[in-house]
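Asks: Chains as they are written, first to last, in this note's numbering: chain W, 18 to 364; chain L, 57 to 419; chain H, 11 to 324.
Read the hints as simulated data drawn from the structure, not as lab findings.
No residue lacks a Cβ here, since even glycine has one placed at the ideal position from N, Cα and C.
Misleading hints may appear alongside valid ones.
[To be verified] When the alpha-carbon atoms are kept at most 16 angstroms apart in a straight line, the in silico EDC-like pairs for lysine to aspartate or glutamate are as follows:
#	chain 1	residue 1	chain 2	residue 2
1	W	Lys137	W	Glu199
2	W	Lys137	W	Glu155
3	L	Lys233	W	Glu309
4	H	Lys220	L	Glu109
5	L	Lys233	W	Glu307
6	W	Lys146	W	Glu110
7	W	Lys304	W	Asp347
8	L	Lys76	L	Glu113
9	H	Lys220	L	Glu110
10	W	Lys194	W	Asp176
[To be verified] Non-contacting residues of chain L with respect to chain W, defined by C-beta distances greater than 12 angstroms in every case (computed):
#	residue
11	Leu80
12	Gly180
13	Arg185
14	Met206
15	Arg237
16	Pro274
17	Gly336
18	Ala351
19	Ala367
20	Asp376
21	Gly377
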Amino acid sequence: MAEISFHNVTKRYGQTVAVDNASFTVADNEFFCLFGPPLSGKTTMLRLILGLERPDEGEILIDGRRVNEVSPARRNIAMVFQNLALFPHMTAEQNVRFPLVERGEAEAVIGARLKDAAAKLHIGHVLHKMPAQLSGGERQRVAIARALVRDPVAFLMDDPISALDARLREETRVELKRIQREAGRTLIYVTHDQEEAMSVADRMAILERGAIRQIGRPVDIYDHPASAYVAQLLGAPAMNILPVAMVQGGGGVIRLEGLAPAGTAEIGIRPEDIRVGAHDGHGAVAKVWEVEPLGGTTVVTLDVGGRMLRALMRGQPDIRVATAVTLSVDLGRAHFFGAGGQALRRA
Amino acid sequence: MTAIRLENLVKRFGGFTALKSMDLSIGDGEFMALLGPSGCGKSTTMNMIAGMEEPSEGRILFGDRDMAGVAMGRRGVGFVFQNYAIFTHMTVRQNLDYGLRMARSPKAEIARRTAAIADLLQLGDLLDRPASGLSVNILQRVAIGRSAMMEPAIFLLDEPLSNVDAAFRAVMRTELKHIQREFRQTMVYVTHDQLEAMTMADRIAVMDHGVLQQVGTPLEVYNNPANVFVARFIGAPGMNLLAGVPVEGAEGLRIDLGALGRSAVLDAPLAAAARRAKGGVQFGFRPEQVDLVAAGAGLGMTVGFVERIGARTIVHLERDGITAKAVFDNDTRVLVGDLVHLAPHPGALRLFDAATGAALREV
Amino acid sequence: MTSAEISKDMPARPAAREADEGARLGLRLTLPAQLLVLFISVFPLLMQLYISLTDWSPLSGLGWPRAYELWNGFANYVDVAGDGRLWSALGRTALVMVVCVPVEFLLGLALATLFADSFPGKRVFYSILIMPMMVVPAVAGYMFYMLFQSGGPVNDILSSLLGMPVTVAWLSDPMLAMLAVMVADIWQWTPLMFLILLAGLVGVPEDQMKAATLLGASPWQKFRTIVLPRMKTIIIIALAIRVIECFKIFDTLFIMTGGGPGVATETISVYIYKITTQDLIWGYVAAIALVILLVLSVACVWAIKRMARKERAA
Numbered sequence: 018m019a020e021i022s023f024h025n026v027t028k029r030y031g032q033t034v035a036v037d038n039a040s041f042t043v044a045d046n047e048f049f050c051l052f053g054p055p056l057s058g059k060t061t062m063l064r065l066i067l068g069l070e071r072p073d074e075g076e077i078l079i080d081g082r083r084v085n086e087v088s089p090a091r092r093n094i095a096m097v098f099q100n101l102a103l104f105p106h107m108t109a110e111q112n113v114r115f116p117l118v119e120r121g122e123a124e125a126v127i128g129a130r131l132k133d134a135a136a137k138l139h140i141g142h143v144l145h146k147m148p149a150q151l152s153g154g155e156r157q158r159v160a161i162a163r164a165l166v167r168d169p170v171a172f173l174m175d176d177p178i179s180a181l182d183a184r185l186r187e188e189t190r191v192e193l194k195r196i197q198r199e200a201g202r203t204l205i206y207v208t209h210d211q212e213e214a215m216s217v218a219d220r221m222a223i224l225e226r227g228a229i230r231q232i233g234r235p236v237d238i239y240d241h242p243a244s245a246y247v248a249q250l251l252g253a254p255a256m257n258i259l260p261v262a263m264v265q266g267g268g269g270v271i272r273l274e275g276l277a278p279a280g281t282a283e284i285g286i287r288p289e290d291i292r293v294g295a296h297d298g299h300g301a302v303a304k305v306w307e308v309e310p311l312g313g314t315t316v317v318t319l320d321v322g323g324r325m326l327r328a329l330m331r332g333q334p335d336i337r338v339a340t341a342v343t344l345s346v347d348l349g350r351a352h353f354f355g356a357g358g359q360a361l362r363r364a
Numbered sequence: 057m058t059a060i061r062l063e064n065l066v067k068r069f070g071g072f073t074a075l076k077s078m079d080l081s082i083g084d085g086e087f088m089a090l091l092g093p094s095g096c097g098k099s100t101t102m103n104m105i106a107g108m109e110e111p112s113e114g115r116i117l118f119g120d121r122d123m124a125g126v127a128m129g130r131r132g133v134g135f136v137f138q139n140y141a142i143f144t145h146m147t148v149r150q151n152l153d154y155g156l157r158m159a160r161s162p163k164a165e166i167a168r169r170t171a172a173i174a175d176l177l178q179l180g181d182l183l184d185r186p187a188s189g190l191s192v193n194i195l196q197r198v199a200i201g202r203s204a205m206m207e208p209a210i211f212l213l214d215e216p217l218s219n220v221d222a223a224f225r226a227v228m229r230t231e232l233k234h235i236q237r238e239f240r241q242t243m244v245y246v247t248h249d250q251l252e253a254m255t256m257a258d259r260i261a262v263m264d265h266g267v268l269q270q271v272g273t274p275l276e277v278y279n280n281p282a283n284v285f286v287a288r289f290i291g292a293p294g295m296n297l298l299a300g301v302p303v304e305g306a307e308g309l310r311i312d313l314g315a316l317g318r319s320a321v322l323d324a325p326l327a328a329a330a331r332r333a334k335g336g337v338q339f340g341f342r343p344e345q346v347d348l349v350a351a352g353a354g355l356g357m358t359v360g361f362v363e364r365i366g367a368r369t370i371v372h373l374e375r376d377g378i379t380a381k382a383v384f385d386n387d388t389r390v391l392v393g394d395l396v397h398l399a400p401h402p403g404a405l406r407l408f409d410a411a412t413g414a415a416l417r418e419v
Numbered sequence: 011m012t013s014a015e016i017s018k019d020m021p022a023r024p025a026a027r028e029a030d031e032g033a034r035l036g037l038r039l040t041l042p043a044q045l046l047v048l049f050i051s052v053f054p055l056l057m058q059l060y061i062s063l064t065d066w067s068p069l070s071g072l073g074w075p076r077a078y079e080l081w082n083g084f085a086n087y088v089d090v091a092g093d094g095r096l097w098s099a100l101g102r103t104a105l106v107m108v109v110c111v112p113v114e115f116l117l118g119l120a121l122a123t124l125f126a127d128s129f130p131g132k133r134v135f136y137s138i139l140i141m142p143m144m145v146v147p148a149v150a151g152y153m154f155y156m157l158f159q160s161g162g163p164v165n166d167i168l169s170s171l172l173g174m175p176v177t178v179a180w181l182s183d184p185m186l187a188m189l190a191v192m193v194a195d196i197w198q199w200t201p202l203m204f205l206i207l208l209a210g211l212v213g214v215p216e217d218q219m220k221a222a223t224l225l226g227a228s229p230w231q232k233f234r235t236i237v238l239p240r241m242k243t244i245i246i247i248a249l250a251i252r253v254i255e256c257f258k259i260f261d262t263l264f265i266m267t268g269g270g271p272g273v274a275t276e277t278i279s280v281y282i283y284k285i286t287t288q289d290l291i292w293g294y295v296a297a298i299a300l301v302i303l304l305v306l307s308v309a310c311v312w313a314i315k316r317m318a319r320k321e322r323a324a
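One chain only, chain W, in its complex shape (with noise of 0.2 angstroms):
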């Protein structure tokens, strides 16, 4: 159980700065997710956490103590790998017992160790197999159940879920979260997948060039960026941005009622939040790109203007392409962002 904190940490490597003047606290417990695209800094944050980097300015925190020259060993955090680094050669049970036994743990321990880590994380069932006769997600369980019985302050974990099925993704993502609870342990969750970071996260961070951008719940980031860049990081399909002259003013396509904030550049709508309609001689006309049914969702793009526009709809609806379509959008949805990218609130 720990509290890590960073406190105006900068980590460089030559030239290149790869964690710039970063602060956060992940909360005793809590599923705490990096996010940010590839080279944001997300790996060097869990090595400078391991100890296997140490930050060239500023102080990291575990439960109040500073840690920056305390060993990888003695920081007590386990890391649980891409590739998960299962042992080939033994089954699960001797994978699990292995930490334990290489520390010359009493027999006594390991097996209550090993039996309150396999309850759980439901393995007690593959416990004698090998880890090729596994499932994914049981090679999962099984590579988290023998960092477990370490008994380590907190978890880190560097995209654990990517190489499993699409299907398979969804269900883990959930499983984890229960076990994170379950294990009552603090996790710090590196992934590049915004679905699976704000479904599991807690709360998460969002990085751009080695500097946090943000950090919240993931609901309240996604309704309230602040900037264009964070709003684009999260929801598929991304946010769609639009210059302030296409919304409002007189070349405006779309419509939007009442006045945006002074400074407005870009004005940011989610595509969920885009009405689409048969067109009836109001509202904005756009003529449909391309359409794509997922089932109980649908996305569709749309050429307003010369500018493509991505709208997610409910359901099934009968819009075809190449079709004229009207289309509105809700003002008090959309987004306000000045010339630098940061949010606006409207007065």
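Following the hints, position chains L and H against chain W.
Replies: Relative to the frame of chain W, chains L and H by itself:
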């Protein structure tokens, strides 16, 4: 452009049957997805079409031509590998014109076609770059362009997006779909991701354990799955399937769902279908096609977990070991531990035979 | 989104810095061993250089540290330039190299290509194939000495093949003795070539081979355009190893022919052995050894540099 016909195709590896009697027609210029979990036989099917594997039984026809005994280099098939198999010791241009160079085509012809393909795939500026160290979407275009240079009748794509970052997959999907439109080629696309199949394919062939489960347009397989496997595999999340028993009552037929109580009265065609079930049924409905209703109506379940993912909220429900999922808009407020009441949309109900798993269709 | 972003987000630089710190620690830990190795390799070299500038021999009655009393400057090196026997020994060594290395390479490559695919009994053939490498060179020499006797199996087989008695004195004829020596070398060292090339061949990505097939490339075209370019480095390594070893060819040959008849199969190593043990002119031997070392080193550095340049370009 060529139609493909698979007739009674079987593939055995020693004692293991990877593909059990597959029949499938792929239309000229059609984008067909072979979709299924790993080990379902989709890659084996693709490899046989390409000529990398010989069928144990059955025939593969391109148009009217039987492909038996035709070597893989002679089938006129363009193949895009999962890892793209780009010749990294060559330049982009050398990759593109490889096939034509090997065929000793005239220099002018090679130059003309290279220019045309490079233009189409926006590779013009990259032609003389080494093929190593290019980004994955460029590699995909080089792989497609390299095959397209040979003007193949058929394109086969083996999970080309599975090594791609989640964030980047959407971009690649759109790109691939537009490339297919440009080429108007028959394309067979192998994937385990139902989202890729739904967004790109004209039709989807769903496979499991070496057996073709269903063929249809994305909406056909989504709306009317042929069996419980397809029902669960298509959709994110898949269809809810609850074990139930048909019960005749005064107002009509309902499904008894055990701890969840009874369903609403089924409409006449569905009731007729339910009556044909020998034993119990699987009561199916899409998580997206439910409404929350007042207590007393609908199926009462407890919220176990809530995933808020952008525009959608996936609610995991449970009652006495029975689980189901529901998908709502992101402004729906339900909390873990709440008791909620679900009513599937009347038209959204699907029934499956509990014993065979096959859909019970209205006749 | 562009190219670089696809790779994992491990920054590109940390390796350099880590490597730096690692290297410093590594140096401290290995320093004693390094000094020892340095002493072992550099000391004899310096000693040799010193002796090569004198007329010293073990019969001179002086300990080697006092060899300076027999100082003759560069006279030994002048002698090396004019030593006809040395240069013809060098020529014979080159001949062995020019004949054996290509033959071993082509045979090894053919075998490796064969063994890259699976076929029944592959493991057994594989074991048989690499056996010659395990035979002690002296034993191999003795084996071939027996085989090539005028009443030996080689002549027996030729007799039955040609249907008339063949009694060639293989090892007594200057030309044939050379041939016999080469056959022995090829027999013993083709397996090494095979092993190295097989390792390279197996490393050629299977998907790329399939892709080339699907693009209509013939087996020879695939070999030329995919396999060879990808194996370039390993081929250079294999050739370099065998070329260097050719300069060292000694044991098998010495047992088969003793360098004879006359000096017909006298290679550079055999020549040095003879003047060391028979003529005992060690100052001169040291000069020869240093000249050869210099020539080989220059050739190696050149080959490695070339290789590194190719690697960077790829």
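Asks: Against which earlier hints does the structure fall short, listed by number upward?
Replies: 7, 15, 16, 19
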